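> As a plain string of letters, each chain reads:
Number of protein chains: 2
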Amino acid sequence: MTIGDLGEFGLIAGITQRLTSGPSVALGPGDDAAVVNAPDGRVVATTDLLVEGRHFRLDWSGPYDIGRKAAAQNLADVVAMGARPTALLVGFGAPAHTAVEWAQTLADGLRDECDLVGASVAGGDVVRAGSVVLAITALGDLGGRRPLTRSGARPGDVVAVRGRLGYAAAGLAQLLAGGACDPELVDAHRRPRPPYEAGTEAAEHGATALLDVSDGLVQDLGHIAAASGVRIELDGAALPVPARLGPDGRHHVLTGGEDHAFAGTFPQATRLPDGWRAIGRVAEGTGVLVDGAEYGRGGWDHFPDKNG
Amino acid sequence: MTIGDLGEFGLIAGITQRLTSGPSVALGPGDDAAVVNAPDGRVVATTDLLVEGRHFRLDWSGPYDIGRKAAAQNLADVVAMGARPTALLVGFGAPAHTAVEWAQTLADGLRDECDLVGASVAGGDVVRAGSVVLAITALGDLGGRRPLTRSGARPGDVVAVRGRLGYAAAGLAQLLAGGACDPELVDAHRRPRPPYEAGTEAAEHGATALLDVSDGLVQDLGHIAAASGVRIELDGAALPVPARLGPDGRHHVLTGGEDHAFAGTFPQATRLPDGWRAIGRVAEGTGVLVDGAEYGRGGWDHFPDKNG
Chain X
1 MTIGDLGEFG LIAGITQRLT SGPSVALGPG DDAAVVNAPD GRVVATTDLL VEGRHFRLDW
61 SGPYDIGRKA AAQNLADVVA MGARPTALLV GFGAPAHTAV EWAQTLADGL RDECDLVGAS
121 VAGGDVVRAG SVVLAITALG DLGGRRPLTR SGARPGDVVA VRGRLGYAAA GLAQLLAGGA
181 CDPELVDAHR RPRPPYEAGT EAAEHGATAL LDVSDGLVQD LGHIAAASGV RIELDGAALP
241 VPARLGPDGR HHVLTGGEDH AFAGTFPQAT RLPDGWRAIG RVAEGTGVLV DGAEYGRGGW
301 DHFPDKNG
Chain C
1 MTIGDLGEFG LIAGITQRLT SGPSVALGPG DDAAVVNAPD GRVVATTDLL VEGRHFRLDW
61 SGPYDIGRKA AAQNLADVVA MGARPTALLV GFGAPAHTAV EWAQTLADGL RDECDLVGAS
121 VAGGDVVRAG SVVLAITALG DLGGRRPLTR SGARPGDVVA VRGRLGYAAA GLAQLLAGGA
181 CDPELVDAHR RPRPPYEAGT EAAEHGATAL LDVSDGLVQD LGHIAAASGV RIELDGAALP
241 VPARLGPDGR HHVLTGGEDH AFAGTFPQAT RLPDGWRAIG RVAEGTGVLV DGAEYGRGGW
301 DHFPDKNG
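So the protein lines, in turn, are chains X and C.
Residue 276 in full-length UniProt numbering is what sits at position 276 of the first sequence, and the numbering runs on without skipping anything.
Residue 158 in full-length UniProt numbering is what sits at position 158 of the second sequence, and the numbering runs on without skipping anything.
One should not assume that every hint holds.
[To be verified] From the structure, some residues in chain X lie toward chain C, with a derived Cβ separation under 7 Å:
#, residue
1, G28
2, D31
3, V78
4, A80
5, M81
6, L89
7, L116
8, G118
9, G143
[To be verified] Output of the computed footprint for chain C on chain X, the stretches with three or more beta carbons under 8 Å from beta carbons of chain C:
#, stretch
10, 49-56
11, 102-113
Think of the hints as simulated: they come from the structure by calculation, not from any bench.
Small disclaimer: the values here were computed from a predicted structure and weren't measured.
Beta carbons: idealized from backbone N, C-alpha and C, even for Gly.
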């Protein structure tokens, strides 16, 4: 059965049936809007738009992984503010010939990723579109803490990272090359596993800045450097390159996004929480240096060529 | 200049420069997520996905109107909960050949519609896509009041409406017909003017249910009937059909969405606020009757045919 056969309201009913509503959702799907608890008195909110062929390929990723990944990248953004994710809102566009089961499995992926952090899908919208489009908004609660922005890094701080780097990029490179694939790398591309506990850990250990690495370590740390008015100096030896990442492993580690590791800065005297690795320091100046030199151009710009 | 020339980060910088940040936005665009004040301790949140060719046509609507309308329909959803809109998050997808000015003018439209209610754009995402896609999330604050849901209507309540009905649908019909157009009707289609004060008015006058008419009066009141377990009985004579709506005027009034009027139910003893018209009553039973009879099938389903 297709979603065109079922119709908008039937599809919504079938999807919401499969969702669970967590304790943060005061009013879930089915009204003009959802009501989500925001006990802090502020709400952290972020949105991402994902389009077929650009952020995912239907021949490379199944609906479950697409749902997991779409949720993960937004939940990671909430965590990167030092907040606890509470809810997702999901806009879903697809052709009428899309199988109902495909859409439901995608919703299962969203739900299961939310479950990891105690959040849930609180609402959404379903529309017909020429290709699959996903618009995810994630909300979160700061629990009385100040948000961990990109602008708080100070000269003398330690730069540290929590989570894998380069795995998703190496997996994507293998898919693009079309040859033999390392299942763990391809899986890393299909379904990131952000270390969600990193936000709370960083906040509790006095981090001065935090973000999730979505566009590549050097590029993203460049945002901290720019917002904080500092230079970030990375120590290449502190960034091990696993052999399985292949001949371009170092490049993947420095420029690959989508693993959704967390990178931040901590006062020099801080004992880093378990699982965090020091990878450099904050200095006076601008930009990001790796072993004292600029590292080419890398990372991800969503309008990289002019033929679109 | 195209957005492909400018690149993602240049486009974002150019757009955020034109935005204003209202008092509800504690942290605006530029970090992993925004931080929006939610003094009530709960946040109202709704999302809509709008795709080119389905929710707007680039030959019928300019970017400014598209922005106004996209904001309006989401702000209206927040108002329909009895809440005060605080912020929008905007996902914007477009081909790389899109003119920068087009995207900036769209952002101006979003900003100006937000200004009407004291909200502002707090964050967003920009991606390349094959056609224009807009994903809007609106947030709002309940100010200590209970949310006005669809499930509170009780037999004996009065059904009332605030705002225009059928204008946008009549304007769209004229555009589709391709003949002479009434500028006011076409304008109503291009840029709805929801009476945003309706949410507070309804809440302060004890409304038992409220929604904004986005899919058509009969269809949307059907949601209140279903959620509340009641029948809605409309009085056709209380729904005047302006002559300018044309020969299908009555149909447009009963089934046309997109004017974003507000319809709700009030206890029988309530003196309706100014600007509200009583149009029927709530009874025991199910469904929606107009002058005692069911009114065909109407309104809007996003998968109306199976060729997509």
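> Determine for every hint whether it applies to the structure shown.
These are the hints, each one checked on the structure:
1. G28: violated (11 Å)
2. D31: With Cβ-Cβ at 5 Å, under 7 Å, it holds.
3. V78: holds (6 Å)
4. A80: Holds: closest Cβ of chain C sits about 4 Å from A80 of chain X, inside 7 Å.
5. M81: holds (5 Å)
6. L89: holds (4 Å)
7. L116: It is violated, given that the least Cβ distance between L116 of chain X and chain C is near 18 Å, above 7 Å.
8. G118: violated (17 Å)
9. G143: With a closest approach of 13 Å, the G143 of chain X hint is violated.
10. 49-56: holds (count 6)
11. 102-113: n = 0 at 8 Å, threshold three: violated.
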